[in-house]
Amino acid sequence: VTATDIDEGENARITYSIYHVSNNGGNKFTIDPNTGIISSTGRLQAGEQYSVTIRAVDAKGLSSQGIVELLVAPGPNTRPPQFTARDYYAPVSEGAAINSTVTTVTLVGRGKASIYFHVEPDTGAIRVRDDLRKEADSEYTVDVQAYDQGDPVMSTVLSLTIYVSHSATVPPDVGLGFADTLYTEHVAENSPNGTLVRILPLLNKREHSPDTPLKCRLTESSQNGVFYVKLTEERDCAIYLNTSSLDYETLSEYSLEVQLESIQGLINPDASKAVVKVHVTDANDNAPVFVFPEQSTIANAKEKYFAIATKEMLLGTNVLQVKAKDKDSGDYGKIEYQKNSWTKAAEEYFSLDADTGVISNIQTFENVPTDVLPFKFSVTARDNPNSPQDYNVARASVVINLLQKENQLVVEVADLNAETLRRQSRSFLQAIEEKSGLVAGLEKLTARHYLGENGTLESDTKGTDVWLYLVDPNTGAILSRESTPVKNAIESGVHKAVGARLQAPVSEVRAPLLAAAPPIRPHLAAAPLATALPAALLALAALVLVAATAATIYICASWNRYI
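Each step along the sequence shown adds one to the number in full-length UniProt numbering, with nothing skipped, and position 446 is 446.
Simulated from the structure, these hints should not be mistaken for lab results.
Don't be surprised by glycine CBs; every beta carbon is placed ideally from N, CA and C.
Among the clues, some could well be false.
No farther apart than 30 Å at their CA atoms in a straight line, the calculated lysine-lysine pairs in the DSBU-like style are these [stated by the list, open to error]:
1. 435 with 405
2. 487 with 302
3. 230 with 302
4. 327 with 376
5. 334 with 311
6. 339 with 327
7. 405 with 496
8. 277 with 205
9. 376 with 344
10. 304 with 230
11. 327 with 304
12. 487 with 311
13. 334 with 304
14. 444 with 325
15. 444 with 311
16. 304 with 325
17. 405 with 327
18. 302 with 344
19. 444 with 487
20. 376 with 405
21. 205 with 215
22. 277 with 344
23. 339 with 311
24. 435 with 462
25. 302 with 405
26. 325 with 273
27. 344 with 405
28. 376 with 435
FRET-style restraints, in silico, Cβ to Cβ [what the hints assert, rightly or not]:
29. 157 with 210: 20 to 28 Å
30. 252 with 199: 16 to 24 Å
31. 312 with 477: 16 to 24 Å
32. 91 with 46: 40 to 48 Å
33. 311 with 510: 16 to 24 Å
34. 71 with 9: 36 to 44 Å
35. 252 with 210: 38 to 46 Å
36. 199 with 302: 49 to 57 Å
37. 43 with 68: 15 to 23 Å
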């Protein structure tokens, strides 16, 4: 309601209140004193009428009254119909005549219920729609819905269970059943979805009407998700594969229990179940997969083998071992390694062991031409090596660089020993790769070296020298310390990235230390050979002359004594 006052300012402020409500409705309404909005305090019944007297008072206490006539109109449909019982159970004989009444409710079909039962919408009577002897089911669960004609339409749903009583008795020798109770079957692990595994023939099926309901199902003890069973046109039970993901290596045998269902009394209880042992046979369905234990994080270097050779390597040294795995078993899981895309230089310097994947050198590396470096070639892993057709092949690239002094980089870690760093090698190599964008390789780990007071090379076993090299991921070539990519990597602070990953102080990247050269001692000049040799001969001749003269005098003196 709204009232007006011809005064201005504070005198024009109006306050509203309810003065009186007819039909004892004083506690059913309230009014906002400032806005004049009338509200109900509770539920009102449709058709009720009220006369509400409203008083408007200004700031000086002057008042006026007005009457509001209220008629409660029907509201929206908010209450659904209610069933008289929570659950209904309706027994019915299997021979019940069509259109005979089962019970009276509103029916919403669930499963096959709508095929065999229908409801009369006006009376709620449920009637038999079709011959119940067509099915072996003894119980049907349906949803019952009752709804009104309000706006909006309201409804309620609850459960109705209908029990069908079957009655049939036959001698065991003519009862329905499986021809055998135990079967064994084989299926290949690479069989497609829908593959027929086995048909289980039924006995005495022709002794009964073709309209006799029959059903085959897998019991709860069977792998329902892997197999399914259904009745064939010849009224036998057929087992089919329900997946294309059988795996001999994961599970090689399944045990299925098939249950035959029909009208009670028609089945021979001794032949109502059959167990089927399904053996999964191995197939060459898995290709070899190369294993990269030191996988680089650089995109262009992934799924490649990187290795180094040195000029000091002896003949027959194992430079690298490629390795592949195969999930198959037996011959299907055996792997043979073969050369693939080997260059002339690779053939001259390396050999590949077909059984182990070991690549060794058949020539030393003292005089390798620079134009053949790095060595690049591929190897393949082939499974089932004895089969000319049924096999799978995987391929991997190999890059072998010649490591020389100008490629060596050293990072000192003062507080961690070599064994600790060996366990974390992949982690700090990854940190270097993330910082530099280059492939990082570990040459070796040694005790930390430093120069002593006299320039001698000293060692500290508490710390470690990490010997590294860097490779261009695009060309595969090893980089020297003086190359631009390596200088950029050093300037970007790769040692800080390593230190952060190891959580230990790390020195800047440097070249290997060299001990100071020993001091050169002065030597006395020797007489020229051409001058010294004649003098020595003259001295020797004089000595011989003196000795000969003395000997002659002695002999003469001794001879005179005897005369």
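Hints and how they fare:
1. 435 with 405: Holds: residue 435 and residue 405 sit about 23 Å apart, inside 30 Å.
2. 487 with 302: The given pair, whose Cα atoms are some 24 Å apart, holds under the 30 Å limit.
3. 230 with 302: violated, 50 Å
4. 327 with 376: holds, 29 Å
5. 334 with 311: violated, 35 Å
6. 339 with 327: holds, 23 Å
7. 405 with 496: Given that 30 Å is the threshold and the Cα spacing comes to 24 Å, the pair holds.
8. 277 with 205: Measuring from Cα to Cα gives roughly 24 Å; hence the hint holds.
9. 376 with 344: Judged against 30 Å, a Cα distance of about 11 Å means the pair holds.
10. 304 with 230: violated, 51 Å
11. 327 with 304: holds, 21 Å
12. 487 with 311: Answer holds: residue 487 to residue 311 is near 25 Å, not above 30 Å.
13. 334 with 304: Holds - the C-alpha atoms of residue 304 and residue 334 are around 22 Å apart, at most 30 Å.
14. 444 with 325: holds, 28 Å
15. 444 with 311: The hint holds at about 16 Å.
16. 304 with 325: holds, 16 Å
17. 405 with 327: Not OK: residue 405 and residue 327 at ~43 Å, beyond 30 Å, violated.
18. 302 with 344: holds, 25 Å
19. 444 with 487: Cα-Cα ~21 Å, so holds.
20. 376 with 405: Given pair residue 376, residue 405 holds - Cα atoms ~22 Å apart, limit 30 Å.
21. 205 with 215: Measuring from Cα to Cα gives roughly 12 Å; hence the hint holds.
22. 277 with 344: Outside the cut-off at roughly 56 Å; violated.
23. 339 with 311: holds, 24 Å
24. 435 with 462: Given pair residue 435, residue 462 holds - Cα atoms ~27 Å apart, limit 30 Å.
25. 302 with 405: OK: residue 302 and residue 405 at ~27 Å, within 30 Å.
26. 325 with 273: Between residue 325 and residue 273 the Cα gap is close to 43 Å, so the pair fails against 30 Å, i.e. violated.
27. 344 with 405: holds, 26 Å
28. 376 with 435: holds, 26 Å
29. 157 with 210: 20 to 28 Å: violated, 38 Å
30. 252 with 199: 16 to 24 Å: holds, 23 Å
31. 312 with 477: 16 to 24 Å: 21 Å Cβ-Cβ, so the 16 to 24 Å window holds.
32. 91 with 46: 40 to 48 Å: holds, 43 Å
33. 311 with 510: 16 to 24 Å: holds, 22 Å
34. 71 with 9: 36 to 44 Å: Since the Cβ atoms of residue 71 and residue 9 sit about 39 Å apart, the hinted range of 36 to 44 Å holds.
35. 252 with 210: 38 to 46 Å: At roughly 40 Å between Cβ atoms, residue 210 and residue 252 fall inside 38 to 46 Å, so the hint holds.
36. 199 with 302: 49 to 57 Å: holds, 50 Å
37. 43 with 68: 15 to 23 Å: holds, 20 Å
When each numbered hint is compared with the structure, violations occur for hints 3, 5, 10, 17, 22, 26 and 29.
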